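Each protein sequence line maps, in turn, to chains A and B.
Per our numbering, residue 177 is the first one in the first sequence, and the count goes up by one each step.
Per our numbering, residue 177 is the first one in the second sequence, and the count goes up by one each step.
It is worth saying that the hints were derived from the structure and are not from the lab.
Mixed in with the good hints there might be a few duds.
One copy or two, either will do: identical chains are not told apart, so a pair holds if it fits within one copy or between any two.
Unchecked claim - Cross-link-like lysine-lysine pairs, in silico, DSSO-like; alpha carbons within 30 angstroms at most:
hint, residue 1, residue 2
1, Lys208, Lys407
2, Lys252, Lys334
3, Lys334, Lys208
4, Lys407, Lys286
5, Lys286, Lys334
Only a predicted model underlies this, so the values are computations on that prediction, with no experimental measurement involved.
Protein chains: 2
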Amino acid sequence: MRVILNGFGAVGQSLAGLLASRDDIYTSYGTKIRLVGAGDSGGGACLEAGLDLAELVRTKRERGTVSGCGRPADPKEMIRDLEADVLVEATPSNYVDGEPGMTNIMTALKRGMHVVSVNKGPLALALPSLIEMATYNGVLLRFSGTVGGGTPILNYAKNSLRGEHITSFRGILNGTTNYILSNMEDGMAFGDALADARSRGYVEADESLDLDGLDAAAKLTILANWVMGMKVTMPDVRRTGIRDVTLQDVRRAAEDGSAIKLVASCDGSLEVAPVPVSRSDPLCVNGTLNAISFTSEHSGTQTIIGRGAGGIETASSILRDLLDIRRAVAG
Amino acid sequence: MRVILNGFGAVGQSLAGLLASRDDIYTSYGTKIRLVGAGDSGGGACLEAGLDLAELVRTKRERGTVSGCGRPADPKEMIRDLEADVLVEATPSNYVDGEPGMTNIMTALKRGMHVVSVNKGPLALALPSLIEMATYNGVLLRFSGTVGGGTPILNYAKNSLRGEHITSFRGILNGTTNYILSNMEDGMAFGDALADARSRGYVEADESLDLDGLDAAAKLTILANWVMGMKVTMPDVRRTGIRDVTLQDVRRAAEDGSAIKLVASCDGSLEVAPVPVSRSDPLCVNGTLNAISFTSEHSGTQTIIGRGAGGIETASSILRDLLDIRRAVAG
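Bound conformation, chain A alone (with noise of 0.2 angstroms):
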């Protein structure tokens, strides 16, 4: 299985560490998954026999870009012309208009190539649109990694609760807002528990997409179309932040035995919002841990809690993707 992998950041190198240690995927899975092309924002790098994984990473470190690796090629280049089996879209997530993934991705869906999305812009912008897309070009679009990093959520969803109807769902979708919650409840006003989980690298760049709840709303988004069926896109997400939760709402919250969780429901419509879950319900969870409860049908409610972000957790999700994509292949 050859693969380009673009974006080469906390993920992406993860993912070559990963790649570079399973010695044992050839024996398990019948495959060899070589890494024949890695771009980032410095430039790109290619080898039809595979790249050496330990050389990229090597580089990435000292440079700043893998680019000097293998040949040289431009990271959009390659994805419309080298020889690949998949693409792998780890750039940052962009949710004004999905770029540079959602190009990358539909060039790649456009030539037949399967695509493993871990950025989210493109997907929460216009899922319906790449489902389409890679359905008519007849190849696979997975995207495990875009929730609960390395917690496999979607695939829950999907195949584990095969046969059964989800009525409906809600989710602790952001790890970075419950830490900041958490630390309210334990009598921390907004801002200190902004700055500590900011000290803790816990914030992204722009701290809009926590704050306000884009990164929930997206990851609600994927959701929605994945295991719902829905074809809905991100402005279709009714979105409050958490700015304006005060201390006063925590406590209050706090003595009737629950506490403030940013939720994102679906149930009927799509909402992300700051409201009050009861401590005895499962997905009641603290820190930076992510959640969700699944209702259905005939099986109650059933719910998920894991880590939901970090480089090695949303490699491996990688990983699932590409030997998902193998065996529905392989047939």
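Starting from the known structure of chain A, arrange chain B on it as the hints suggest.
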């Protein structure tokens, strides 16, 4: 897909009801599930064209057996002689010799029939041999409903975490003992908590299955085989039940921010025992809920929480297994 259902208790009746209500199965999954045989301790019924599901349930309720519907048939002979694709084994779990389920499952596998079992006895006592027998005969053996009822724990571990190494897991796998221990946390003595659970119909006729951890140990054995690839049976589990848990133990744990839970753990060795679990651990669920935490190499620890039992929930897991077999066979 022609199915023989052996055992027509709460789960069997729920399955009949579920199949009758789901007229979308053919359009969604490309197969029609036809119950060509049904048996219980009072006798059996068969009909190649498919038994009338409503009549089966009505007859069972009125006469205590399905005997009298369709053509009369002996349940054991039916499994040996009737043309069918899958046996659904739903007689009660027996941890002494696994009968009658053990013979039923072996007969079906040897004939080249796929098997879906919600009966834990034969699996806990002989899963390694039964898996070998299924493989040798080129058929599938599925048992999603044995662990977690309608919560697809086995599938999650096997498929959603595809490409991952699960290194250990621990779970609260018996809702009855968890209900009793939750009551004790609220200050009830063991005897009163047990009486309360009995009055709600939560306790097995043979209460030892719950209280001495046999049910939890059976589920642990099944998980260890299926998820970890261990070849183990129930005698490999070190097992302590909850009869000796005192209110003092529960209070001491509470002072440390923990609760005593009957935890089934697989971390090198297999053990079922009452141990303190921190209240901040997502595993620490109350009431009749089940929970399991899987720790994997790259995706951290993930917890799934759901109802662990119930006729309709377990029936929905059987339907998932049937559709899973259909998909695997259709390639």
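A quick look at each hint next to the structure:
no., hint, verdict
1, Lys208 x Lys407, "between (35 angstroms within a copy, 29 angstroms between copies)"
2, Lys252 x Lys334, "neither (32 angstroms within a copy, 37 angstroms between copies)"
3, Lys334 x Lys208, "both (26 angstroms within a copy, 21 angstroms between copies)"
4, Lys407 x Lys286, "within (21 angstroms within a copy, 47 angstroms between copies)"
5, Lys286 x Lys334, "within (25 angstroms within a copy, 33 angstroms between copies)"
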